[in-house]
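J.: So you can see what is in the structure, the chains are spelled out below.
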Amino acid sequence: MSVRMLKALAAALILVLPLVGCWDTKDINKQYLPAVMGIGKGRTDKYRVILQIPNASGKTQFLEKEAKSISKAVDLIRTDSEKNINLVHLRLLILDKELARQGISNIVNFAVRANDISIKGMVAVVDGDFEKTLYHEISPTPEVSSYDFFSEEAGWTPNQSILRIWEAYRGLNSYSEDMAIPMLSNGDRTLFTFKGTAVMREDRMVGTLSKDETLLYNLFKGKYSRGTIEVAQNTSVMIEKAKIKHHRHWSDNGPSLVTDITLGVVIMESPRDKKHAQIEKEMREQLSRQFNQTVKKIRDYHSDVLGIGMIFRPRLSERSINEWKSKWFPMLEQKINVHVNILNEIYLKDPDVGS
Amino acid sequence: MLRSEKQSLQGMEKRLYDRFRKSSDFTCRTVVIANEEFRACYLESLVNLRTTLSTINQNTVQPDNDWTRQDFHALEDEDDSVIRLSYELLRGNLILFNKEDSVTVIEPEQPDISRSIAIPNSENPIQSAFDAFTEDIDRNIGLLRKKMISDQLVIETRFIGGRSVKKLAVIYLEGTARPKVIESIRKSLDENSDKELTTARDLTRMLGHPKFAITPTYISSELPTETVQNLMNGKVVILVDQLSFAFAFPAIVTDLWTTTMDANFPQIFQVFLRIIRVGATLLAVTLPGLYVVLNSVNPELLRIQLAITVAKSREGVPYPSIIEMLLVLLLLEMIIEATIRLPKNIGPTITMIGGILLGQAIVQAKLVSNLLIIILVASAIANFAHTSYMNAIGIRIYKYVVMIASSFFGILGLEGAMIWITLYFASLTTCSVPYLSLSLKGQASDE
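Protein sequences appear in the order of chains A and B. The opening position of the first sequence corresponds to residue 62 in the working numbering, with each subsequent residue numbered one higher. The opening position of the second sequence corresponds to residue 319 in the working numbering, with each subsequent residue numbered one higher.
By construction, these hints were calculated from the structure, which means they are not laboratory data. There's no promise every hint is true.
[Claimed, not checked] Listed below are several chain B residues computed to face chain A (Cβ distance under 10 Å; list not exhaustive): (1) 612; (2) 613; (3) 618.
[What the hints assert, rightly or not] Only pairs whose alpha carbons sit at most 16 Å apart, straight line, appear in this in silico EDC-like list of lysine to aspartate or glutamate: (4) 144/A / 633/B; (5) 662/B / 441/B; (6) 485/B / 453/B; (7) 181/A / 618/B; (8) 332/B / 418/B; (9) 484/B / 406/B; (10) 91/A / 618/B; (11) 87/A / 633/B; (12) 102/A / 127/A; (13) 87/A / 618/B; (14) 107/A / 159/A; (15) 120/A / 406/B; (16) 484/B / 453/B; (17) 91/A / 633/B.
Small disclaimer: the values here were computed from a predicted structure and weren't measured. Ideal placement from N, C-alpha and C gives every residue a C-beta, glycine not left out.
Working from the sequences, and respecting the hints, build out all of it.
T.: Shown next, in the form of structure tokens:
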């Protein structure tokens, strides 16, 4: 190849390069980066989309449109706004409870399919006034605070559930697991109040779990750090460690599962004369009772939010996996045994041992 | 005039005279040594005739003097002799003709036109010897000999050049330097012995190193101590007369972040310093590209809190981030270039104007964003955390490649550019040593 040819080729390459690349990018200051998207029922159209856009000057911008589809609504917002709307920083998808009852598969599919939405974003359901919750402002930048609300480094506690978009998508499509969505409403002094967890069957909301019941859900998912449990009057403990062991069994009557939960707890408050053994006993009984009630409640919803199907999955054939939610899960016999181990005996004088 | 003084110039003398007709410092005159008349030809600027003669005369007084044994020989082939004699003249020697037109060459006393050994000017040794090379190659070799007392220190001197002749010395440590390296240097010097040699680039071209390389193929040093360390690390050092630097061949990738000065520190300090320099290399190359990526192509890589602040700092900036970056980088490069050649007492002024006033003003005028200035300063500082100015230039150039690739292809472009530079380094081989080797010592094979 002659030098001339090479030069021409290089020139052509230089001309082509900008075309194949990101020539149509927009600078960060020419974009709105919404952090929260609220999707509710529209007054005139199917969906009502509200975007919360953070701004370093401390003011929040709320943009809102109604349309038959979410992407159309976003497009309408984009048309009216002076900057481009880029959903790459969307961290929280807030859904109206009404929508959740009717089914959210469209929304989750949109969120997963949209290239710019990160599937690590979280999903929540508004239990209460949708508009009021979305427009609620406490600190100058609510969207960042709402992100912190669920962040394990910031405001999260084991009484709250977390659902990410990819987990919601898994819940929609999995044969052996359902999803649970945290429920929020606007708080008085705080941005949100946590109202409990919405239990979903497939894509529909079928019931709710209270805050205490959410703790069991989180224990099953392995997220328990520093949860506080109130045992009896004046007694409360904090969970330091939790070990869960499942004993699955499959008989002619269907599946049965016995779960041993061993909690390592630290006593936070207790009356002076109460013995540790007594606390342990009370706690064991109370938690066993409470957990078994929760399990029964969940089973009555016919929703496998605890993901028990996953535990049985290795034992199921291809066909019976398909039938798990409809046939086998309602037949499940489940029992939870709670064992409690008090960890801070060394630090406090036990009256039994001392005298 | 000399010519009138003695009409019949001897043949050879006349030819020399013709050859140097245009040089006013060429002189031929009659001198008397040991009661004998000679014709002396020399370059006035390089020979101190008066002291030379008195030294010779003093020697002749002694009974057993070697003056009488001085080797006068008749001239045979005339053309060849003229070239040889004129060459001796240019090297500063004195030529004496006796009455029989025989000739001898004497090394005379030379006027003192070399700099004496002083502290280094372009390097700042911290815990080390402070003497630096000068322009005189013999003095430099002496410095090295003194610093390293070993019979394995091999010094091969040779003369190279066409129009002008340069003395250079190839120095290496027998048994430490790889024979292949020595052989390849020797070979290329032999092949190109008639080329001109005045600058460092002439030397690299002579050694057959690539014309367009973004890393230097040698490390230059002003310090004999450092050169000794280089020798001990298996490098081959080339000293060139009238260049006060020692060039150590070949450079390998570790030279980007190691300096032989480190060996004066405890091991852990050395590791720490080197990690910092490696980090600085990466930062210097990637930071400007990263700014462009984060600002225009992939803002999702920032955390939301940061994204908001960055967006705010760019609010009202009229140019796209790549243009903004290029503008300010150009300014920065100009400041760097401007300060390098300024006298030491003006340099700080420029730094102050450039750094503080301009930086502050350009942000307040909303021409560029705050973040850009931070990125820029970080990248400039990282750039000069390298071991030598030479290495830093390659990095300075390469960051533009990274930046342009980033602006076209986002974070993928940045990655691609980094992979490309690695591939480029892997393709480099200087003096038979791959650039990506970690050590030159020993006989470790490249295959």
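J.: Decide, hint by hint, whether the structure agrees.
T.: Hints, verified against the model:
A hinted interface residue such as residue 612/B counts as satisfied when its beta carbon comes closer than 10 Å to some beta carbon of chain A; here the least separation is about 7 Å, so the hint holds. With a cut of 10 Å, the hint placing residue 613/B at the interface with chain A holds, because the nearest CB-to-CB distance is about 5 Å. With a least beta-carbon distance of about 3 Å to chain A, the hint placing residue 618/B at the interface is held under the 10 Å criterion. Between residue 144/A and residue 633/B the alpha-carbon distance is near 12 Å, which keeps this suggested pair within the 16 Å criterion.
Between residue 662/B and residue 441/B, the direct Cα distance comes to roughly 14 Å. Compliance with the 16 Å bound is thereby established for this hinted pair. In summary, the hint linking residue 485/B to residue 453/B is supported, as the alpha carbons are separated by about 12 Å, within the 16 Å threshold. Note on residue 181/A and residue 618/B: the hinted pairing holds, with a Cα-Cα distance of about 12 Å set against a maximum of 16 Å. At most 16 Å may separate the alpha-carbon atoms for a hinted pair to count; residue 332/B and residue 418/B meet this at roughly 15 Å.
Between residue 484/B and residue 406/B, the direct Cα distance comes to roughly 13 Å. Compliance with the 16 Å bound is thereby established for this hinted pair. Annotation: proposed proximity of residue 91/A to residue 618/B holds, straight-line Cα distance about 14 Å (limit 16 Å). Restraint check for residue 87/A and residue 633/B: the C-alpha separation of about 13 Å stays at or below 16 Å, so the hint holds. Proximity of residue 102/A to residue 127/A is assessed by CA-CA distance (about 9 Å); at most 16 Å being required, the pair is judged to hold.
Restraint check: the Cα-Cα separation between residue 87/A and residue 618/B comes to about 13 Å, which is no more than 16 Å; the hinted pair holds. With a C-alpha separation of about 12 Å, the suggested pair residue 107/A and residue 159/A falls inside the 16 Å cut-off, and the hint holds. Taking the CA atoms of residue 120/A and residue 406/B, the gap is near 85 Å; set against the 16 Å cutoff, the hint is violated. For the given pair, residue 484/B sits about 12 Å from residue 453/B by alpha-carbon distance, which is consistent with the 16 Å threshold.
Simply put, residue 91/A and residue 633/B have alpha-carbon atoms about 8 Å apart, close enough for the 16 Å limit, and the pair holds.
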